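Listed below are the residues making up each chain.
2 protein chains.
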Amino acid sequence: MQFRIDAQDGAARAATIQTAHSVIQTPVFMPVGTVGAVKALDALDLQNHLSPQIILGNTYHLYLRPGDEIVKAMGGLHGFTRFPKSFLTDSGGFQAFSLSDNVKIEEDGITFRSHIDGSKHHFTPQKVLDIQYNLGSDIMMILDDLVALPATRERIRESIERTTRWAQRSIDYHRRKQMEGIGVDQNIFAIIQGGTDKEFRKISATELCALDFDGFAIGGLSVGEANREMYDTVEWTTPFMPTDKPRYLMGVGTPEDLVENVERGVDMFDCVMPTRNARNGTLFTSFGKVTIKAARYATDEEPIDPECGCIVCRTYSRAYLRHLFRAKELTYFRLATIHNLYYYLDLMRQMREAILEGKFAEFKRKFYRKRDNG
Amino acid sequence: MQFRIDAQDGAARAATIQTAHSVIQTPVFMPVGTVGAVKALDALDLQNHLSPQIILGNTYHLYLRPGDEIVKAMGGLHGFTRFPKSFLTDSGGFQAFSLSDNVKIEEDGITFRSHIDGSKHHFTPQKVLDIQYNLGSDIMMILDDLVALPATRERIRESIERTTRWAQRSIDYHRRKQMEGIGVDQNIFAIIQGGTDKEFRKISATELCALDFDGFAIGGLSVGEANREMYDTVEWTTPFMPTDKPRYLMGVGTPEDLVENVERGVDMFDCVMPTRNARNGTLFTSFGKVTIKAARYATDEEPIDPECGCIVCRTYSRAYLRHLFRAKELTYFRLATIHNLYYYLDLMRQMREAILEGKFAEFKRKFYRKRDNG
Numbered sequence: 001m002q003f004r005i006d007a008q009d010g011a012a013r014a015a016t017i018q019t020a021h022s023v024i025q026t027p028v029f030m031p032v033g034t035v036g037a038v039k040a041l042d043a044l045d046l047q048n049h050l051s052p053q054i055i056l057g058n059t060y061h062l063y064l065r066p067g068d069e070i071v072k073a074m075g076g077l078h079g080f081t082r083f084p085k086s087f088l089t090d091s092g093g094f095q096a097f098s099l100s101d102n103v104k105i106e107e108d109g110i111t112f113r114s115h116i117d118g119s120k121h122h123f124t125p126q127k128v129l130d131i132q133y134n135l136g137s138d139i140m141m142i143l144d145d146l147v148a149l150p151a152t153r154e155r156i157r158e159s160i161e162r163t164t165r166w167a168q169r170s171i172d173y174h175r176r177k178q179m180e181g182i183g184v185d186q187n188i189f190a191i192i193q194g195g196t197d198k199e200f201r202k203i204s205a206t207e208l209c210a211l212d213f214d215g216f217a218i219g220g221l222s223v224g225e226a227n228r229e230m231y232d233t234v235e236w237t238t239p240f241m242p243t244d245k246p247r248y249l250m251g252v253g254t255p256e257d258l259v260e261n262v263e264r265g266v267d268m269f270d271c272v273m274p275t276r277n278a279r280n281g282t283l284f285t286s287f288g289k290v291t292i293k294a295a296r297y298a299t300d301e302e303p304i305d306p307e308c309g310c311i312v313c314r315t316y317s318r319a320y321l322r323h324l325f326r327a328k329e330l331t332y333f334r335l336a337t338i339h340n341l342y343y344y345l346d347l348m349r350q351m352r353e354a355i356l357e358g359k360f361a362e363f364k365r366k367f368y369r370k371r372d373n374g
Numbered sequence: 001m002q003f004r005i006d007a008q009d010g011a012a013r014a015a016t017i018q019t020a021h022s023v024i025q026t027p028v029f030m031p032v033g034t035v036g037a038v039k040a041l042d043a044l045d046l047q048n049h050l051s052p053q054i055i056l057g058n059t060y061h062l063y064l065r066p067g068d069e070i071v072k073a074m075g076g077l078h079g080f081t082r083f084p085k086s087f088l089t090d091s092g093g094f095q096a097f098s099l100s101d102n103v104k105i106e107e108d109g110i111t112f113r114s115h116i117d118g119s120k121h122h123f124t125p126q127k128v129l130d131i132q133y134n135l136g137s138d139i140m141m142i143l144d145d146l147v148a149l150p151a152t153r154e155r156i157r158e159s160i161e162r163t164t165r166w167a168q169r170s171i172d173y174h175r176r177k178q179m180e181g182i183g184v185d186q187n188i189f190a191i192i193q194g195g196t197d198k199e200f201r202k203i204s205a206t207e208l209c210a211l212d213f214d215g216f217a218i219g220g221l222s223v224g225e226a227n228r229e230m231y232d233t234v235e236w237t238t239p240f241m242p243t244d245k246p247r248y249l250m251g252v253g254t255p256e257d258l259v260e261n262v263e264r265g266v267d268m269f270d271c272v273m274p275t276r277n278a279r280n281g282t283l284f285t286s287f288g289k290v291t292i293k294a295a296r297y298a299t300d301e302e303p304i305d306p307e308c309g310c311i312v313c314r315t316y317s318r319a320y321l322r323h324l325f326r327a328k329e330l331t332y333f334r335l336a337t338i339h340n341l342y343y344y345l346d347l348m349r350q351m352r353e354a355i356l357e358g359k360f361a362e363f364k365r366k367f368y369r370k371r372d373n374g
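As given, the protein sequences belong to chains A and B, one line each in that order. For the first sequence, counting from 1, position 64 maps to 64 in full-length UniProt numbering; every step adds exactly one. For the second sequence, counting from 1, position 161 maps to 161 in full-length UniProt numbering; every step adds exactly one.
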């Protein structure tokens, strides 16, 4: 993976990442394709209507169904899904932790039962990399030791220390595997933990960033803390991260979160928000959120966002989308998803443009002003 | 509406229908777009991947939600849905009869309660035309008096007689409205009833076909009778129908049904089968049906039908579609729907081609031979 900073404006960065499958211009938002499809869309929708350079796959889901061996047999995620650009896969740890029953975390790894059929499984730092080798993702995330909050400081400290030990095992395993010719084109990111605690974040960042990873993520945020706490934690943590490697803020967030964290030096984001909110009837626009079921849209001939260039806004009225949503038509979910993802991806492009022109502060002012007037 | 027979091969006809919105080449299959969208697809999918010249809308559904006045305010079905070709709308009677509670049929019309909110409504032959004027469909179906089977011969006879009386009221009302400048570009079809009873079919066909309708439908079939009974009834009925107007067999059917009834002189069909079966995991191919969830497709790299030219078969494997189906991904429903409709529309094109070449019998032999070998 090649990484190059194209421009910097304050702490905000515009960079270019080159993987084996695509050139990724940052700041970048990665649509979530949990089981090998961005919900309601297919690979042609992505290519024709959205042009993302990278999307996410969830290791936990793909491991359980269809199974990573099957994905491997079908040519990895790229061959299986026909999405030819980059994939990032998470470690599966978060879903094992949050979706499964009877989760047990030990020094060796995580034991859990499938939410699909109750079958018992065991994830270790090495195992989740083996799965991701089969998936063939361009960026692999390592297993980390997650903590259910609230937790004692001892438990949080233990989790950070274990995460570092697992990170060491992961990077050692990966570099050894690459020597054997496995995962040669695959990159590996570590995940900084520590909640909103400055000391823990500093320890976690310092320890992990001393290791030879291809990039670093900030995990454990956007879990219910105040926005300000999230922004402060990111601002505190990024100085401990290398400038010459990608920075990925996991599971974030709202359009405002993206703007605030790009300003603080984050390069990569993912979140289910644009896709999930689309399905629930909340559409993102340059002037704020639209609740499409509202009665005032019943005969509204305007597109969702008159300033949006997406295929949905160029074709359909709010009235038609409202009708499809109320009738629970399958058609609705795809159209709303295309619009929301277009909005997110376009927002990232606008931010990159502003950084390249050294006008991020101006961009940010306009971004908020429009929403206030919306 | 203009209607021209392009070729005839035995009883099978290839014709051209010109409406205000499209040129329809027959035999034609009309995808069902119940509430103003073919389920899982949008108008651009239809245009880009399927190119139907006419689709169906359901008057009952559109009347209840969003309401025909709203559709009218949005430019009718064409403006609202952005599908620019022809629409055929049914009378709403069948759904009022089958989906609603407390249905009451009297000489005046049908009283029923909405399946959505229980509200009370009354459909008369005139009222369902008023609704269809608002919808702006190219072909409107008249209200008929439906009978729940089993029924006495008296009740069936009464329904046929009432259907004729309602047809007279419908055509009188429509021609008067057209004189007033309403529905000028809209066409009106009557519906021949009578179950599988030859005498009743003859009476119904003779009485209705004496009236000045733009086309005639055969209704009340594909409701559980044996295939042979359906085919025989159509074969018996078509000779009582004018040769210079379109013949529409409502709610039919399987690919085999289409072939058999085209052979017997039917021009137009509609059915939820390709779309509903797609969603349920049954895919149509030139060699018969595919149950996509079957374990044998788990690592099958072939497209659904190697002979199919649809965008789905040109892009995705059976393995990927099976996975999406098992994971209940929204993406699946659209891809499967596109494939099944493509198969249906392509089958009609093949039949038209065969009729134009005077080779329908040969086409039919090959059609069945492939399925036997499948």
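Among the clues, some could well be false.
As the list makes no split between identical chains, a pair holds if one copy fits it or if it spans any two.
Stated by the list, open to error - The calculated lysine-lysine pairs, modelled on DSS-like cross-linking and capped at a C-alpha distance of 25 angstroms, are:
#1 K85 x K370
#2 K289 x K328
#3 K293 x K39
#4 K127 x K370
#5 K359 x K127
#6 K127 x K289
#7 K120 x K328
#8 K328 x K39
#9 K72 x K293
#10 K198 x K293
#11 K328 x K202
#12 K198 x K328
Quick caveat, the hints were computed from the structure, so don't treat them as lab data. Fair warning: this is a prediction, and the values are worked out from it, not measured in the lab.
Hint check results:
1. K85 x K370: Classified as neither: same-chain Cα gap 33 angstroms, cross-chain 39 angstroms, threshold 25 angstroms.
2. K289 x K328: Within. Shortest intra-copy distance 20 angstroms satisfies the 25 angstroms Cα cut-off; inter-copy 28 angstroms does not.
3. K293 x K39: both (21 angstroms within a copy, 19 angstroms between copies)
4. K127 x K370: Intra 47 angstroms, inter 47 angstroms, cutoff 25 angstroms: neither.
5. K359 x K127: neither (45 angstroms within a copy, 61 angstroms between copies)
6. K127 x K289: For K127 and K289, the Cα distance exceeds 25 angstroms both inside one copy (41 angstroms) and across copies (40 angstroms).
7. K120 x K328: Answer is between: at 23 angstroms across copies they meet the 25 angstroms cutoff, but 36 angstroms inside does not.
8. K328 x K39: both (16 angstroms within a copy, 10 angstroms between copies)
9. K72 x K293: Answer is between: at 19 angstroms across copies they meet the 25 angstroms cutoff, but 42 angstroms inside does not.
10. K198 x K293: Neither. Shortest intra-copy (42 angstroms) and inter-copy (50 angstroms) distances fail the 25 angstroms Cα cut-off.
11. K328 x K202: Classified as neither; 47 angstroms inside a copy, 42 angstroms across copies.
12. K198 x K328: Neither way: K198 and K328 sit 46 angstroms apart in one copy and 42 angstroms across, limit 25 angstroms.
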